[in-house]
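From first to last, the protein sequence lines stand for chains S and W.
Heads up: take any position in the first sequence, counting from 1, add 1, and you land on our numbering.
Heads up: take any position in the second sequence, counting from 1, add 95, and you land on our numbering.
Hints in this document: simulated from the structure, not taken from any laboratory.
Virtual Cβ for every residue (Gly too), placed ideally from N, Cα, C.
Hints should not be assumed to be uniformly reliable.
[Unchecked claim] Which chain W residues face chain S? A few, computed with CB under 8 Å, are given here:
1) Ala119
2) Asn122
3) Ser140
4) Asp144
5) Ala177
6) Gln185
[Stated by the list, open to error] In silico EDC-like pairs for lysine to aspartate or glutamate, Cα to Cα no more than 20 Å straight-line:
7) S:Lys195 x W:Glu132
8) W:Lys111 x W:Glu128
9) W:Lys111 x W:Glu188
10) W:Lys111 x W:Glu124
11) W:Lys111 x W:Glu168
12) S:Lys195 x W:Glu124
13) W:Lys111 x W:Glu132
14) S:Lys195 x W:Glu184
[Stated by the list, open to error] Now the in silico label distances, taken between C-beta atoms and shown as ranges:
15) S:Gly121 x W:Arg191: 46 to 54 Å
16) S:Gly105 x W:Val118: 22 to 30 Å
17) S:Arg83 x W:Arg191: 23 to 31 Å
18) S:Val44 x W:Asp144: 27 to 35 Å
19) W:Ala177 x S:Pro46: 14 to 22 Å
20) S:Trp21 x W:Val149: 14 to 22 Å
21) W:Val107 x S:Arg89: 30 to 38 Å
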Amino acid sequence: MNAYRVHDLLQIDPAVAGQWSDAPSWVGCALERAPWVVVRRTVAPNGIAVGVRGSGRGRRYAAVIAPQDVRDVRVPEDLIARADGAGRLGRAFGACSTGARAHGLTVAPIGAYGFALASGSPATHARSDLDLLLRAETFALESLRAFAAACASVTSRLGVAIDVELAFGANGLALAEVLAGGAAVVAKTPHGPKFVACLK
Amino acid sequence: MQRIVVERSGGVPVTKRAHVGAVASGNLEVLCEPPAEARATIVVSTSVDGFEPVWRATLERFLERYPIAAAIEINDFGATPAMVSLRLEQALELAR
Numbered sequence: 002m003n004a005y006r007v008h009d010l011l012q013i014d015p016a017v018a019g020q021w022s023d024a025p026s027w028v029g030c031a032l033e034r035a036p037w038v039v040v041r042r043t044v045a046p047n048g049i050a051v052g053v054r055g056s057g058r059g060r061r062y063a064a065v066i067a068p069q070d071v072r073d074v075r076v077p078e079d080l081i082a083r084a085d086g087a088g089r090l091g092r093a094f095g096a097c098s099t100g101a102r103a104h105g106l107t108v109a110p111i112g113a114y115g116f117a118l119a120s121g122s123p124a125t126h127a128r129s130d131l132d133l134l135l136r137a138e139t140f141a142l143e144s145l146r147a148f149a150a151a152c153a154s155v156t157s158r159l160g161v162a163i164d165v166e167l168a169f170g171a172n173g174l175a176l177a178e179v180l181a182g183g184a185a186v187v188a189k190t191p192h193g194p195k196f197v198a199c200l201k
Numbered sequence: 096m097q098r099i100v101v102e103r104s105g106g107v108p109v110t111k112r113a114h115v116g117a118v119a120s121g122n123l124e125v126l127c128e129p130p131a132e133a134r135a136t137i138v139v140s141t142s143v144d145g146f147e148p149v150w151r152a153t154l155e156r157f158l159e160r161y162p163i164a165a166a167i168e169i170n171d172f173g174a175t176p177a178m179v180s181l182r183l184e185q186a187l188e189l190a191r
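Excised from the complex, chain S in its bound form (with noise of 0.2 Å):
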């Protein structure tokens, strides 16, 4: 067990990846340029689950690491006050939060953009979507539903298609598909995804 959470960003030394011998080549350069890893969901008996990032989608290395790696963290909701409104991820990032706001909720960036603002590295492009958390500790259905249409008008003004997982401790739901009214939804759990009954 650790204190950390899935999307948690934790500083390493970059050396650590010296460690992984199965590691592809730009798993080094990227940790060079910025020496962050982000929390998996994944339960890892004997340390912390991460994943390194790299340019593109498809460069995503699973590691884990051991808490003395760890040289400082940054929480999604650390993220909120470092968000300067630049760039298209920074305007959308702040008309969603002042969405949210108006209806009583917090949502914290994670994804790349999440990543850009602890790490101060570029990790986003021109078509990167903005993702989102919400802690969803207590959360009544009609917010979530303004919400949701406050987050769908900033992507036809702004054109960045915005993601929202909706968490329950380590169980993450995308709100696109709680509110779509399945009979059944699928979580992200750090068990591998599962069925759950949908919220009515």
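For this one, chain S is given, so just place chain W on it according to the hints.
Using the frame of chain S, we list chain W on its own:
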């Protein structure tokens, strides 16, 4: 963006149309329809290149386990094989 096609002849046709999944990171959409002829055709469009062998293995395993005839379209946004299998089962549940 990569396109992968897997086909297999024969099988029991699905009777209904089903659309499941989500346009979201690490997720996928599956559209399943009754086929024009008695064969299973699965067409994958994925945003992540370089995983064709994994796709083929996952889809072959699905068709092995469920010998259906259907026209299936998958739009993938970097889902894991476990997520892909679950979504295919979810679509099949609604389509047959």
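Status of each hint after checking the structure:
Taking 8 Å as the C-beta contact cut-off toward chain S, the hint placing alanine 119 of chain W at the interface holds, the least distance being around 4 Å. Among the interface hints, the one on asparagine 122 of chain W holds; its C-beta lies about 6 Å from the nearest C-beta in chain S, closer than the 8 Å criterion. Contact between serine 140 of chain W and chain S, as hinted, is not supported at the beta carbon level, the nearest pair being about 13 Å apart and thus beyond 8 Å. With its C-beta approaching chain S no nearer than about 5 Å, aspartate 144 of chain W sits inside the 8 Å limit, and its interface hint holds.
Hint on alanine 177 of chain W holds. Least Cβ distance to chain S is approximately 5 Å, under the 8 Å limit. At about 7 Å, the closest approach between the beta carbon of glutamine 185 of chain W and any beta carbon in chain S falls short of 8 Å, and the interface hint on this residue holds. Distance restraint check for lysine 195 of chain S and glutamate 132 of chain W: the Cα-Cα separation of roughly 33 Å exceeds the 20 Å cut-off, and the hinted pair is therefore not satisfied. For the proposed pair lysine 111 of chain W and glutamate 128 of chain W, the alpha carbon gap of about 6 Å is at most 20 Å, so the pair holds.
Only pairs whose Cα atoms come within 20 Å are accepted, and lysine 111 of chain W paired with glutamate 188 of chain W is accepted, the gap being roughly 10 Å. The suggested pairing of lysine 111 of chain W with glutamate 124 of chain W holds, with an alpha-carbon distance near 17 Å, which does not exceed 20 Å. Between lysine 111 of chain W and glutamate 168 of chain W the alpha-carbon distance is near 14 Å, which keeps this suggested pair within the 20 Å criterion. For the given pair, lysine 195 of chain S sits about 16 Å from glutamate 124 of chain W by alpha-carbon distance, which is consistent with the 20 Å threshold.
For a cut-off of 20 Å, the pair hint linking lysine 111 of chain W to glutamate 132 of chain W stands: about 15 Å separates their Cα positions. For a cut-off of 20 Å, the pair hint linking lysine 195 of chain S to glutamate 184 of chain W stands: about 12 Å separates their Cα positions. In this structure the supplied range 46 to 54 Å holds for glycine 121 of chain S paired with arginine 191 of chain W, their Cβ-Cβ distance being about 51 Å. Range check, glycine 105 of chain S to valine 118 of chain W: Cβ separation about 26 Å, and the 22 to 30 Å hint holds.
Separated by about 49 Å at the C-beta atoms, arginine 83 of chain S and arginine 191 of chain W break the suggested range of 23 to 31 Å. Checked against the hint of 27 to 35 Å, the C-beta distance between valine 44 of chain S and aspartate 144 of chain W comes to roughly 29 Å, which is consistent with it. For the hinted restraint 14 to 22 Å between alanine 177 of chain W and proline 46 of chain S, the CB-CB distance of approximately 19 Å keeps it satisfied. Distance hint check for tryptophan 21 of chain S and valine 149 of chain W: the Cβ-Cβ separation is about 20 Å, which falls inside the suggested range of 14 to 22 Å.
Between valine 107 of chain W and arginine 89 of chain S, the C-beta spacing of about 48 Å breaks the proposed range 30 to 38 Å.
Comparing the model with each earlier hint shows violations of hints 3, 7, 17 and 21; every other hint is respected.
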